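Novice: Both chains are sitting in their own frames, so use the hints and assemble them into the complex.
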Amino acid sequence: DAKTTQPNSMESNEEEPVHLPCNHSTISGTDYIHWYRQLPSQGPEYVIHGLTSNVNNRMASLAIAEDRKSSTLILHRATLRDAAVYYCIRGGGSNYKLTFGKGTLLTVNP
Amino acid sequence: EPEVTQTPSHQVTQMGQEVILRCVPISNHLYFYWYRQILGQKVEFLVSFYNNEISEKSEIFDDQFSVERPDGSNFTLKIRSTKLEDSAMYFCASRGGPYSGETQYFGPGTRLLVL
Chain A
1 DAKTTQPNSM
11 ESNEEEPVHL
21 PCNHSTISGT
31 DYIHWYRQLP
41 SQGPEYVIHG
51 LTSNVNNRMA
61 SLAIAEDRKS
71 STLILHRATL
81 RDAAVYYCIR
91 GGGSNYKLTF
101 GKGTLLTVNP
Chain B
1 EPEVTQTPSH
11 QVTQMGQEVI
21 LRCVPISNHL
31 YFYWYRQILG
41 QKVEFLVSFY
51 NNEISEKSEI
61 FDDQFSVERP
71 DGSNFTLKIR
81 STKLEDSAMY
91 FCASRGGPYS
101 GETQYFGPGT
111 RLLVL
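Going down the list, the sequences are from chains A and B.
Start counting the first sequence at 1; every next residue gets the next number (this note's numbering).
Start counting the second sequence at 1; every next residue gets the next number (this note's numbering).
I should point out that these hints are in silico values taken from the structure, not numbers from a laboratory.
Remember, it's a predicted structure, so these values are computed and weren't measured experimentally.
Glycine is no exception: its CB is placed at the ideal position from the N, C-alpha and C atoms.
Quick list of the computed label-pair ranges, beta carbon to beta carbon:
hint	chain 1	residue 1	chain 2	residue 2	range
1	B	Q64	A	K3	28 to 38 Å
2	A	R81	B	G101	18 to 28 Å
3	B	E18	A	K3	30 to 40 Å
4	A	K3	B	E85	20 to 30 Å
According to the in silico footprint, chain A covers these stretches of chain B (three or more CB under 8 Å from chain A):
hint	region
5	37 to 48
6	106 to 113
Isolated chain B (complex conformation) (with noise of 0.2 Å):
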């Protein structure tokens, strides 16, 4: 069965350290998202991605984070300048077509902590 792999499962940096949490998304899949969890609370909405655009972000999603899809099956987060409240679960997500009927598959998640 298809599935959403990421990389790394844990990183480690430190605090002004950029990073970038990497993706595979399944196959022929059109939408892509990330999502977060900071450990205790509820997995939050960060940007979805279509079409080589964002196409919606949360306030969460400021100018420190940046997504690409630089190759056509890679999906990436980018965090420039980590600040200790990102350490959290990124979940990267991704869904075939258009009608909200369509079901959002998601990857095991990177745990990403910022000392």
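Bound conformation, chain A alone (with noise of 0.2 Å):
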């Protein structure tokens, strides 16, 4: 049980922002939110993470509301190559293992 919902597909254009959204309402007070992407026929690839502020990185930003029950993955201006399956994964679970939801499709569009 991934503990988190996400849309299952997101379509956006080439050059805009992407507002990613996880609803995470059950997460404890300790619980990491990370973020990877997985690319057609690639292994996931770490994107962002975040406890409780705002997180900014060359990728992407992370912005988690203030009662940590969702947070938003927001790619500023996306290219095609971002085209991906976006995971939200809360926390590490015990030994930090990552449990995968669907996650959501973005797809780009030129």
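Specialist: In structure tokens, the structure reads:
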């Protein structure tokens, strides 16, 4: 059980921002929120993670709701190479294993 | 940038044969994982490994599977007698430290096809 809820798919246009939502209403106080993505025929790739505060890195931004029950991954300018399945994963579980759900399939239109 | 590497990239084997999938985790990482992804399905956890022993394994990881870190750099997954349903992408991952904010880094995967 991934314990997160994401839309099955989203679509965006190239060079436009994309906001990928995730609900994790039962998250515990110590669980981080991790985002990974998987491009076709590749392994999962780390995108970003956070605990309470919003986070920025070179790939994306992560906005975490004040109650931590939801978060949003923001790609500021989508490119065709951002087309992938995006996974929102809470915590690391015991032994910090990652429990993947189905994720959100992001399609980027030229 | 350090990365996890896996060999071979593709492996085709006959049902009942043994296969060994190899991974070189990121140097200085302490926690190692195997995951698999059957075509069109979710990425599934198989096993975690720390301090030279299995720390957790899933129901999938039955006694046909074993893991080993034979020489301090490689991390291997062995399937003793492959079944058709073992056909999948197998991903190795590693992480540096023990707290839940640590990132796991994944390799590119080995595509295993059992005929």
